[in-house]
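Model the full structure from these sequences, guided by the hints.
This is what each chain is made of:
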Amino acid sequence: MTAVLTQLHVAPPVVQRKGKRAGLWPFLALIGGLAALPLFLAPYSLVLMVPVIAFGIALLGMNLLFGYTGMLSFGHSIFLAVGAYAAAVATSKMGVVHLELVLLLACAAGAVLALAVGALCVRYTHIFFGMLTLAFGMLCHSFLFKFYNLTGGDQGMRVLRPSLLGISWEGGATSFLSGPFYYYCLALYIGLGLVMWRVVQSPFGLHLKAIRENEVKASYVGVRVYRMRLCAFVISGVYGSVAGALMAVTTGLADPEIAYWTQSGNLIFMMVLGGSGSFSGPAIGALLFALLHDALVTTTEYWRFLLGAILVSIVIFMPQGVVGTVANVYARMKQRGSA
Amino acid sequence: MAYANLMLGGLFQAAVLFLVASGLQLVFGVQKIINLACGSFYALGAYFGITVMVYFLQSGWPIWMFLPILIGAGAVIGLIGVPLELLLRPVYRRNESYQLLLTFGLLLMFQDVFRYFWGSVPLSVDSRLYGAYGTIQGMGLHVPVYNILVILSSILIAAALGLGLSRTRIGRIVRATAENRNMAEAIGVNSATIFTIVFTLGCVLGTIGGALVIPTSAASLTMAAELVVEAFAVVVIGGLGSMRGALVGAIIVGLLRSVAVALFPETEILAIYLVVVAVLLFRPAGLFGKSAA
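Residue numbers (the working numbering), protein chains in the order written: chain A, 1 to 339; chain B, 1 to 293.
Don't take every hint at face value.
Cross-link-like lysine to any residue pairs, in silico, SDA-like; alpha carbons within 20 Å at most [claimed, not checked]:
#1 A/K146 x B/E226
#2 A/K209 x B/N95
#3 A/K146 x B/V275
#4 A/K146 x B/L270
Distance windows between CB atoms, simulated [claimed, not checked]:
#5 A/E213 x B/L156: 44 to 50 Å
#6 A/A116 x B/R94: 29 to 35 Å
#7 B/E96 x A/L291: 26 to 32 Å
In case anyone wonders, no lab produced these hints; they're calculated from the structure. Idealized CB from N, CA, C, for every residue including glycine.
Structure, rendered in structure tokens:
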């Protein structure tokens, strides 16, 4: 009996060490691809890639919540909205011109809101968590939509062009967005991506995975389930609000539709499309979603139907998403090769 | 008396909401799936109802016949639930997140189905229909008879549903499957058939609900997503999976909404969702639900 136990204790680490950084490579490849894009794409098409980066940042956070902690938020657009409106208030009402400050404000607003909403929501799991976050998301949407005097109602609020690193850029919107702003977003994406990688590799990340696998067992071995979940929720909220601020700068507008529940649905779509089981999956999902969306919108008026059909087939046939499926096929080929 | 009118308006909305929400509850209770596409069924019922009413008005049948025909049209198009249930089969044993996503995909698809068949301009039926049954006036009240008929139909359907579930053989089997699917299968219940029946019934309730609103309001592409939000509120307030909860939740949401719209227009959905959040915080399982996991 003791012999068996010691064997069990010894075996695992070798396997783990081998693929320790493997999860990060697809993300780095994606970043490399995005960095090389300006060489191939016209500025106008490049502007369309900025949302890919913004959604990617939001999804990094959302994946911490769903992929690592097992909590599916159906109201995550609330954080996009907070970021967007924070950017709007900062640039057009408070006269803040530096994007760094705008982002800090967005982070602060996102963190405060996530703390408040999360404190109430993370007590519940599964479907109840999803519904409660959806309820808060709709609360936020109707607030933004109806309180015309504060938020501009369906008109939204204007977001002025901020300065980057203290340098203000003149010239047309396209040249700003496809030039300095694109690289700025990309740098932010790399930074936030690496931070998130550290987070999920840290003991904190392991705690979250333990909670995902079995909440009761995790609490037996001393994981503070509530506190860890709340932390994860706040981190993902902050990522969401950074993404929202970047998106608002891109469109120059913060409007209530960004908070509508279908927007959260789209975020989840991207996450599952890429694969929520892996670190890089959701980021790839954001890219695939954008490409898919553009391709479908240009070919047919009925792109929602095809998008929905793709979502349905992914859920049924490829629940691990594109990245997960590719990884599986690769692993199987490798196994066959070595055998 | 203005309040009485307000209440009746709220009850009309509650009657329709109850139909959709009870479909949602039935499906959740038995199949454990939250059907985001319930909003699409509602919209489908509305659009199909409009098409049927256009033919009805041309046919020269007596106009008072329109309500039974409208309900019939809703019930017929609801049979689309039979093939749709097949799509859900692969995910019954999976994580509920995937089930939510699958129905979200259906919601997206349906939106373009409506666009394809009925166009993107909001449609409404001839206003003659709404007035066909006249109005009751007196003591300051001003009540369209149609509203009362819809409330009555909804009560009838609720009663039939309640009796069917509690008294009939098939109702008992459905409840047994809801309680414990494996156990029910072990004693010989064909749960696949039960799932098809339940899902289709849930679908039919949604489409009838949608068909019943068209004399009063237009059918549009956004109605599906908007209704999901309201039906969700009903279900959360009442408690997931509880029929009584659907009834009470629908009445609360219906009344709250009509009062909010009349008194503080900008708080319409906000008021509903404040109640939802309050309920979730203090009674997370809802008023009539089983415990929250």
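Violated constraints from the hint list, given by number and in increasing order = Of the numbered hints given earlier, the structure breaks none, since each of them holds.
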